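Full structure from sequences and hints, please.
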Amino acid sequence: MVAEAETMQPVIETERFDLRPLRLSDKGLIELYAGDERVARNTSSIPHPMAPGVAEDFIRRAGVEGREEDVWAIDATKTGGPELMGLISLKRMDRQQSEVGYWVAPAFWNTGLAQEAVAAMIEANPQGAETFFASVFQDNPASARVLTNQGFVYLGDAETFSVARNAKVATWTYSLKRI
1 MVAEAETMQP
11 VIETERFDLR
21 PLRLSDKGLI
31 ELYAGDERVA
41 RNTSSIPHPM
51 APGVAEDFIR
61 RAGVEGREED
71 VWAIDATKTG
81 GPELMGLISL
91 KRMDRQQSEV
101 GYWVAPAFWN
111 TGLAQEAVAA
121 MIEANPQGAE
131 TFFASVFQDN
141 PASARVLTNQ
151 GFVYLGDAET
161 FSVARNAKVA
171 TWTYSLKRI
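Residue 68 in UniProt numbering sits at position 68 of the sequence shown; the count goes up by one each step and never skips.
Warning: the hint list may mix true and false statements.
[To be verified] Dumping the calculated DSS-like pairs for lysine-lysine here, alpha-carbon to alpha-carbon at most 30 Å:
| # | residue 1 | residue 2 |
| --- | --- | --- |
| 1 | 91 | 177 |
| 2 | 168 | 91 |
| 3 | 78 | 91 |
| 4 | 168 | 78 |
| 5 | 168 | 27 |
| 6 | 78 | 27 |
Honestly, the hints are just simulated from the structure, not real lab data. Please read all numbers here as calculations on a predicted model, not as lab measurements.
Shown next, in the form of structure tokens:
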């Protein structure tokens, strides 16, 4: 059993949902949604199939003091929606920079959820970043549109390893300067 950790992350409120720190009770929905091959294949780090304990370990790491990445659940319970529809994260980089990462459960694709979550995260800027970066797989143009619709600018092509695909995957890299 994992004790709930105090993450010192703010809750970021929008009209539609809150971005809140992860809690142990998110384990089942993370397993359900992130365990979906369509979600896992669009990330670099989610394995497919997902082994037992992966989600719980992820939640535990998200609450550890001194972590490099802050993770929030996209929670719509305040509007009568699900308590977890996806995740969004900020990874600390050097020189006041952060890397944005996100995934949304397939049931909520094409609803504007990812775009609203990214917009809320950028507006709140809980890590005080001057520049945000993000990368998406080139075979996921919907994720690229989420970023460009928020003002991110294309920087170039790269590649990264996808655990679910067990292969290197071509990516597009984007940035957004706050100043």
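Hint-by-hint comparison with the structure:
{"no.": "1", "hint": "91 <-> 177", "result": "holds (16 Å)"}
{"no.": "2", "hint": "168 <-> 91", "result": "holds (21 Å)"}
{"no.": "3", "hint": "78 <-> 91", "result": "holds (27 Å)"}
{"no.": "4", "hint": "168 <-> 78", "result": "violated (39 Å)"}
{"no.": "5", "hint": "168 <-> 27", "result": "holds (28 Å)"}
{"no.": "6", "hint": "78 <-> 27", "result": "holds (20 Å)"}
This entry does not satisfy hint 4, going by the numbered hints stated previously; all others are met.
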